[in-house]
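**Student:** So the protein sequences, as listed, match chains A and B. Residue numbers for the first sequence, in my numbering: 1 to 270. Residue numbers for the second sequence, in my numbering: 1001 to 1299.
In case anyone wonders, no lab produced these hints; they're calculated from the structure. Keep in mind it's a predicted model, so treat the numbers as computed, not measured. Ideal Cβ positions, reconstructed from N, Cα and C, are used throughout, including at glycine. Be aware that one or more of the hints could be misleading.
Covered stretches of chain B (in silico footprint by chain A; criterion: 3 or more residues with CB under 8 Å from a CB of chain A, positions within the stretch not fixed) [stated by the list, open to error]:
{"#": "1", "region": "1029-1038"}
{"#": "2", "region": "1053-1063"}
{"#": "3", "region": "1097-1109"}
{"#": "4", "region": "1126-1139"}
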Amino acid sequence: MTTTHNQDLILFEDHSLIPESIISGEESYSAIISHLQGTSPTWLINSLIENSIQNTATLVNNDLTVKQTGRSKTIFISFINNKDYYSKGCKKNGIDLNTVTDFTYIDCFTDLFTKRIKDPSKASSQVTSLFQELNEVISSQTGSRKVVFIEAPEILLRATNITSNELLNHLLQLNKTCRQLFIISAKDYPDLDAAMPEDPVFKVTDYFVKLLHRSSLHISIQPLLTGRANDITGSLIVSKGPISYKSINVSEKEYIFNITKDSNIKLFFR
Amino acid sequence: MASQNSVVLLTRLLSLKENSPLLLVLDSLAQSSYHLIQEFAYKSKNNIIYLSFETLNKPAYANEFLDCSVISTAEITKFIKSKTTPQTTSSTAQGKHLIIIDSFNYIPSTDITNFIASISEPSITIVGTFHINCPQPHNTSSYYPSALSLLSFIASSIFEVEAFHEHSIGEEQLSNRIRKLDIPISSALNSDVFKLTLTNRRKSGRSLIYTYKVDCKNHVYEVHKSNQAEEIDPEDESLLKDLTTFNLTTSNKQKLAREQVELPYMEAQEALGSSGGAIVYEFEKDDDYDEEDPYEDPF
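Chain B extracted, bound-state conformation:
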């Protein structure tokens, strides 16, 4: 049931049915956000405005495309206002707009909040990618947070895309090679089937974290259960089999006997049950009891 709900949540987020002003996508050199963004475009029935800082060609799904590499943020804001005002828009009945930003990495961290605030409107959902492998500059004013911290803080949902690791390339080996910008050949990298970790923040502030396996080719999403979680079962006695010649398992009779053992602290609680939670000290014969000061600490 819970897994069904989480898939519904993902579908609602992708089709912009949830009220989410800023959706942040975190990608890496191993798995780009390219396929997830295409999934947003596939699910969305809204007016799509594509802000390009690094994209060469206008995607087929984009209604509007703006090359932001040569213009200022003020000009970008002006463009968006002109395209989202009700009289000029040719969008659907709902009048919603999806703004896709191909990379937040080209905007300085000091300008990023202003930029997002300037283009935000109730009818606009912003989906933006941040490449986590790009080195993060230290700010000149040393206490100002990094762009990633700011974006993670203001985003209503965070989509983290990762590649499924093949057995031939371990996670550590892949990470080491990527640090040297040496991208190995693997069908799992930058694939249209990838792992997605979704952090969704509810209005109450509570965040829900789900992990999915997303297949963009067939538009199928399913909850991904990691292998480690499945393995941890303290009651699973099959793990103890064939380890030694000793019998390590417990029979039903032994389990029953174990449950019936009266533990010492249970008895102690019964004896002191009348005095509730108070600390009761019973004096013994060698204790030095001072009658003039009954409140003296006997210890």
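Bound-form chain A, shown alone:
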């Protein structure tokens, strides 16, 4: 039996995950982290949060070991998880999100349909105020070195009457407040032939296709296409988007990964 060595996860050609040239640059970019049912991207998000805050990636990259304090203001917005979920997850990465000053968590999950959006059938104005609030929180952070993560905004398309264009316009404005926006979305069951504009499948497919057209980086996490294996959790594809980064190139690669019982991550080139 041959032995295979773990590979380091890299997203860009300078062997980094979130390069300094993007954080310190003047332009804004969007990246998509797409996943399917059965392959949660939480392990990747935890590592990206860690990299955004202090430039390390303990669990996925052995070369990124030098901590850099005050690297960026990291803002995490989630529509499906509360802060505890990521606080617990990031402990394995050696970060206590409750004490990191450069990290802001905006919980859009706990009171989404009790306080923020009371009438999902007439949600347009309430969603607009929600995104205005998010933009204000991001803008209130000092400096321009900002990295924003937004998790599952497509829930608004499935649960309210807003259109895909409305959500995309809000995300465009949000993206302009930071240097790098990571949009984490599930892409289960898209249908490019959907035709009813009110149908959630139509809205989510339209949202995803348009998002892909404006993105610079796409990270896709999915189960093995060939079926199940005991020692493989899924595959991860890093590919460039249609909009090029000005200062750096994406390192396009396909990995397979295995999350062990003790939550260690092993990556291999495919």
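Given the structure of chain A, go ahead and fit chain B onto it with the hints provided.
**Tutor:** Just chain B, lined up with the frame of chain A:
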């Protein structure tokens, strides 16, 4: 010669020397219009106004940039009028303006013609992208055409960009993966070298269709000939070689003999040559000929 002319046509269209009010670019998830739009900007020496529905950063080539995601079409029209009126413009001697629209997909099909009509001027050329992978909504008034049909109808030229397929990914496999929004890794996708199918409509209404290989890195365009077209040659006898032990080819002597064979219908035409195109029926002995009704159908 024809290929030279078609490259000249493409260059003239890219540099806005042809009279084309609306140039429609159709792109997909496999090949975005990003590089072609940059080629327009590179070739154009005009005032460039960029209307952004999905673009985050102002491109370096744009003289004016408008974020259209938060304003109405009336406000967009007002902005364009203010930037294209002769007293305010700082454009070239020709006074032409290039308006780039990053995506028509954000404008409802019921508003799209009004919007284009409201910003059109003789001095303006509009270059707009339509993403064909976006699902097309059915209109509430069921007989109203889709945005793509309307745009294809009113565009004076249509540029369709496609990626060159690598051998590792077949066309069908790529299409299946894109339908699942699973974009494979391939240097051919979203590359600066791509296939461009140009449909140019002349004033007479006749359309000319050309296919090019466009290299945006070196700004080189050449006519692309598909491999299939080259293969079809009915006279190519080399294809018949080594197929069987029989001799399937024809020698020159056999070809000559074949050409000299008199075909039966040629002889028949000679016999009836005097009666032109008329149908002549010659009665035979068993035919029932009625003298009282000579025009009766003998059949």
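**Student:** Confirm or reject each hint.
**Tutor:** Going through the hints against the structure:
| no. | hint | in the structure |
| --- | --- | --- |
| 1 | 1029-1038 | holds (count 3) |
| 2 | 1053-1063 | holds (count 4) |
| 3 | 1097-1109 | holds (count 3) |
| 4 | 1126-1139 | holds (count 7) |
The structure is consistent with each of the numbered hints, conforming to all of them.
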